[in-house]
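Peer 1: Protein sequences appear in the order of chains B and A. Counted the way this note's numbering counts, the first sequence spans residues 1 to 81. Counted the way this note's numbering counts, the second sequence spans residues 1 to 668.
Rather than coming from a laboratory, the hints here were simulated on the basis of the structure. Honestly, I wouldn't trust all of these hints.
[What the hints assert, rightly or not] List time: in silico SDA-like cross-link candidates among lysine to any residue, alpha-carbon distance up to 20 Å:
hint : chain 1 : residue 1 : chain 2 : residue 2
1    : A       : K612      : B       : Q39
2    : B       : K75       : B       : E45
3    : A       : K612      : B       : F43
4    : A       : K612      : B       : R4
5    : B       : K75       : B       : L65
6    : A       : K612      : A       : Q597
7    : A       : K605      : B       : K75
8    : A       : K612      : B       : V17
9    : B       : K75       : B       : R4
10   : B       : K75       : B       : Q39
11   : A       : K605      : B       : E45
12   : A       : K605      : A       : E593
13   : B       : K75       : B       : D54
14   : A       : K605      : A       : A393
15   : A       : K612      : A       : L642
16   : A       : K605      : B       : A14
17   : A       : K612      : B       : D54
18   : A       : K605      : B       : Q39
19   : A       : K605      : B       : D54
20   : A       : K605      : B       : P59
21   : A       : K612      : A       : E622
22   : A       : K612      : B       : A14
23   : A       : K612      : B       : F10
24   : A       : K605      : A       : A594
25   : B       : K75       : B       : P59
[Claimed, not checked] Covered, in the sense of this in silico footprint (three residues per stretch, anywhere, with C-beta under 8 Å from a C-beta of chain A), are these stretches of chain B:
hint : stretch
26   : 32-38
27   : 69-80
[To be verified] Example chain A residues on the side facing chain B (calculated, C-beta under 10 Å, incomplete):
hint : residue
28   : F426
29   : Y427
30   : M429
31   : I443
32   : F454
33   : E529
34   : F530
35   : A532
36   : R533
37   : A560
38   : L561
39   : V562
40   : S623
Note that CB positions come from ideal geometry on N, CA and C, so glycine has one too.
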Amino acid sequence: MSTRELIRAFIVEAFFVDEFGDHESFLRTGIVDSMGMAQLVAFLEETFRISVADGELLPENLDSLERVTAFVERKVSRSAA
Amino acid sequence: MCGIAGFTFPRGLQAEARRARFGEPLRRMTQALGHRGPDGRRGVLLDGVGLGHSRLAIVDVEGGRQPMRDGATGVTLVLNGEIFNHVELRERLERAYRFRTRSDTEVLLAAWIARGAACIDDLNGQFAFAVWDPRSRALWLARDRVGIAPLFYAETEHGLAFASEAKALFAGGCVRPALDLGGLKETFQLWAPVAPHTCFEGVRQLLPRSVACFRDGRLEVRRYWDLDLDQATSADRLDEERGEGELAERLEQAVRLRLRADVPVAAYLSGGLDSSLVCAIANRLLRGTLSTYSVAFADARYDERIHQESMASHLGTRHHVLEMRDEGTGALLPDAVAHAEQALLRSAPAPFFALSALVQERGVKVVLTGEGADEAFLGYDLFKETKVRQFWARSPAAKWRAAPLRRLYPSLPALGEGSAALLQQFYGMGLDRPERADFSHLIRWSTSGRVLRFCSAEFAARTASVDPVARLLASIPPRVHGWRPLARAQYLEMETLLSGYLLSAQGDRMQLAHAVEARFPFLDHHVLEFAARLPDRLKLRGLREKDILRRCAERWLPRALVARAKFPYRAPVAGVLAGPAAPEWTREAFSPEALRQVGVFDADKVRRLRAKLAALPASASESDAMALMAVASTQLLAQAFLGQRLARPRWEGGPGEEFVLEPEAGAA
Numbered sequence: 001m002s003t004r005e006l007i008r009a010f011i012v013e014a015f016f017v018d019e020f021g022d023h024e025s026f027l028r029t030g031i032v033d034s035m036g037m038a039q040l041v042a043f044l045e046e047t048f049r050i051s052v053a054d055g056e057l058l059p060e061n062l063d064s065l066e067r068v069t070a071f072v073e074r075k076v077s078r079s080a081a
Numbered sequence: 001m002c003g004i005a006g007f008t009f010p011r012g013l014q015a016e017a018r019r020a021r022f023g024e025p026l027r028r029m030t031q032a033l034g035h036r037g038p039d040g041r042r043g044v045l046l047d048g049v050g051l052g053h054s055r056l057a058i059v060d061v062e063g064g065r066q067p068m069r070d071g072a073t074g075v076t077l078v079l080n081g082e083i084f085n086h087v088e089l090r091e092r093l094e095r096a097y098r099f100r101t102r103s104d105t106e107v108l109l110a111a112w113i114a115r116g117a118a119c120i121d122d123l124n125g126q127f128a129f130a131v132w133d134p135r136s137r138a139l140w141l142a143r144d145r146v147g148i149a150p151l152f153y154a155e156t157e158h159g160l161a162f163a164s165e166a167k168a169l170f171a172g173g174c175v176r177p178a179l180d181l182g183g184l185k186e187t188f189q190l191w192a193p194v195a196p197h198t199c200f201e202g203v204r205q206l207l208p209r210s211v212a213c214f215r216d217g218r219l220e221v222r223r224y225w226d227l228d229l230d231q232a233t234s235a236d237r238l239d240e241e242r243g244e245g246e247l248a249e250r251l252e253q254a255v256r257l258r259l260r261a262d263v264p265v266a267a268y269l270s271g272g273l274d275s276s277l278v279c280a281i282a283n284r285l286l287r288g289t290l291s292t293y294s295v296a297f298a299d300a301r302y303d304e305r306i307h308q309e310s311m312a313s314h315l316g317t318r319h320h321v322l323e324m325r326d327e328g329t330g331a332l333l334p335d336a337v338a339h340a341e342q343a344l345l346r347s348a349p350a351p352f353f354a355l356s357a358l359v360q361e362r363g364v365k366v367v368l369t370g371e372g373a374d375e376a377f378l379g380y381d382l383f384k385e386t387k388v389r390q391f392w393a394r395s396p397a398a399k400w401r402a403a404p405l406r407r408l409y410p411s412l413p414a415l416g417e418g419s420a421a422l423l424q425q426f427y428g429m430g431l432d433r434p435e436r437a438d439f440s441h442l443i444r445w446s447t448s449g450r451v452l453r454f455c456s457a458e459f460a461a462r463t464a465s466v467d468p469v470a471r472l473l474a475s476i477p478p479r480v481h482g483w484r485p486l487a488r489a490q491y492l493e494m495e496t497l498l499s500g501y502l503l504s505a506q507g508d509r510m511q512l513a514h515a516v517e518a519r520f521p522f523l524d525h526h527v528l529e530f531a532a533r534l535p536d537r538l539k540l541r542g543l544r545e546k547d548i549l550r551r552c553a554e555r556w557l558p559r560a561l562v563a564r565a566k567f568p569y570r571a572p573v574a575g576v577l578a579g580p581a582a583p584e585w586t587r588e589a590f591s592p593e594a595l596r597q598v599g600v601f602d603a604d605k606v607r608r609l610r611a612k613l614a615a616l617p618a619s620a621s622e623s624d625a626m627a628l629m630a631v632a633s634t635q636l637l638a639q640a641f642l643g644q645r646l647a648r649p650r651w652e653g654g655p656g657e658e659f660v661l662e663p664e665a666g667a668a
């Protein structure tokens with residue numbers, strides 16, 4: 001499974017949503033609430049073996065499937081480099 | 001309060017035929033409301049209408065029998081509730097009408113004879129009543145201004161049937177019980193169905209502050225009162241000191257009126273400001289003889305016992321505490337749901353169900369409560385949230401600050417300091433449309449709306465055309481859309497949560513399950529109208545809620561007790577239904593077969609949800625907990641009304657007097 005697919009599967013499983021767009025804001029549409037964000041970050045850290053700093057907890061990094069995927073891929077490639 | 005029921009049928013039948021055809025349905029309906037009134041179950045069959053009454057005797061225990069009929073005009077009525085200003089009204093009516101009893105019911109009868117439906121404007125009370133008026137050949141139904149007393153109705157083959165609870169309509173054979181999917185969807189998203197909808201097909205509720213006239217097969221509903229929440233402008237410079245003084249007077253008068261009864265009046269004490277203030281005023285008026293009742297929780301996260309006890313000992317009341325454990329709450333849910341007659345997102349009604357049992361056991365029929373202050377004086381966090389979000393929406397260029405939100409929701413995310421931006425993103429929902437009428441409630445309804453994710457595909461398809469928020473907004477008077485945001489927020493809060501949930505599922509139905517009447521000084525319309533005239537800054541000063549009420553409270557209570565912030569009343573959920581203490585009934589209710597049979601929720605998602613909550617009950621998100629509660633209550637609702645339980649003797653009266661069909665039935 002690709003990074004995107006893994007994250008999508010997690011969101012479907014953890015938040016019981018069936019369908020959502022890659023670019024849809026999690027928070028503005030209520031797909032994930034602010035509590036859920038903590039769950040999402042914990043999942044990312046564990047699954048992709050990355051560490052998310054406080055300063056990275058930003059809508060730009062986390063607030064859509066597109067953004068999370070890009071964020072994780074950046075982090076993974078940086079730690080691999 | 002009592003229970004009322006009745007129905008219309010074809011005119012011109014002989015008394016014998018009426019009795020043969022309609023006596024038994026009327027008996028069954030009246031008996032089905034037996035829990036609301038053990039002190040007399042009576043009915044009358046007139047020419048074209050049957051009226052039944054289950055009585056909880058509070059005022060004029062001897063003379064207040066119902067149905068009550070005026071021999072001269074034939075006007076006959078059944079009343080559930082209280083007309084608190086009956087003493088004053090009686091003085092005005094005495095010249096034209098000769099009273100036979102001391103009861104408030106007869107005052108209503110005399111007022112109706114004198115002025116017809118226009119008399120409602122003079123009533124200060126909590127009531128639902130039905131009047132058969134041969135002069136207009138109409139059956140009239142009316143409900144109090146905020147919706148304290150319930151009233152349901154249904155169209156039948158013979159016209160119209162009505163009752164204080166839907167179960168009486170089922171018991172009388174007026175409606176075949178079936179879940180109303182649209183009403184359920186509204187409940188899942190908005191906490192309560194949008195009146196006149198209910199969770200049952202074919203069952204409607206009369207809108208609060210309305211009077212309805214049923215004549216020649218047609219029902220006309222008219223609202224007789226409205227609360228203008230947007231009248232306080234900066235031009236309205238109410239002197240603060242004078243405002244405080246007038247509020248104190250109105251509150252004291254509201255409490256004084258609600259102490260009127262021929263039986264002892266006690267009070268609920270939650271430990272927060274509102275009920276403490278009511279208790280303090282009542283205790284002073286009763287010269288220190290008040291008894292108080294509280295719910296405490298074994299689970300310390302929800303427990304307010306310390307505050308309740310310090311308040312009770314300060315006032316010197318005779319204090320009673322009922323301690324709820326998770327197992328207890330869980331075990332009571334089936335009964336609580338059967339009485340509530342709607343799906344629930346919280347387990348909070350169950351402890352009130354238990355508390356009213358204790359009150360009944362102690363021989364008390366009337367309690368005062370603090371309900372309504374949060375709506376009238378901007379006590380809820382939702383109002384602060386609206387204020388913060390409104391500020392953000394007005395100042396998009398300014399750097400948003402999450403600090404006020406953090407103060408509001410200190411327990412929110414376990415994300416650390418850096419999460420401010422995420423919080424703002426979430427609470428920024430709908431900022432681009434601050435003029436929308438639902439701006440204040442977007443966040444709440446987004447949270448509760450997540451319940452819909454657990455519904456079955458079939459339910460989703462069958463309710464695809466139902467948009468609960470749109471339905472609610474369409475039901476709002478147009479002028480409300482033009483109000484300022486806090487006033488709109490208040491309006492929505494009173495419309496949905498207060499009358500649709502707090503006063504019904506968590507109020508009337510839980511108290512009257514054990515024949516206890518709750519009275520609400522803050523919902524006196526003179527208090528509500530006064531609060532509406534106050535500028536917002538006197539209610540929500542900065543982010544300090546109920547400001548004027550706090551200052552006013554210092555006339556009765558020490559400052560230290562007043563200063564304590566509100567601890568919102570909550571009862572445990574996830575632990576109750578998913579943990580090791582889950583009650584036996586959940587096994588059946590959550591079984592895939594039962595879920596499929598009821599058809600509202602998806603069995604697989606419910607299984608995953610339960611597993612998630614059982615694994616992490618402590619960190620359960622609010623929406624997950626709500627969803628499980630919605631599933632449980634929907635299953636219990638179906639079990640209680642669509643299954644076999646209705647046939648059991650539970651709605652066949654319970655202890656109390658036998659049903660009597662009035663002998664003068666043939667007279668009118």
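Peer 1: Flag every earlier hint the structure violates by its number, smallest first.
Peer 2: Violated hints: 4, 6, 7, 11, 14, 15, 17, 19, 20, 27, 33, 34, 35, 36, 37, 38 and 39; rest satisfied.
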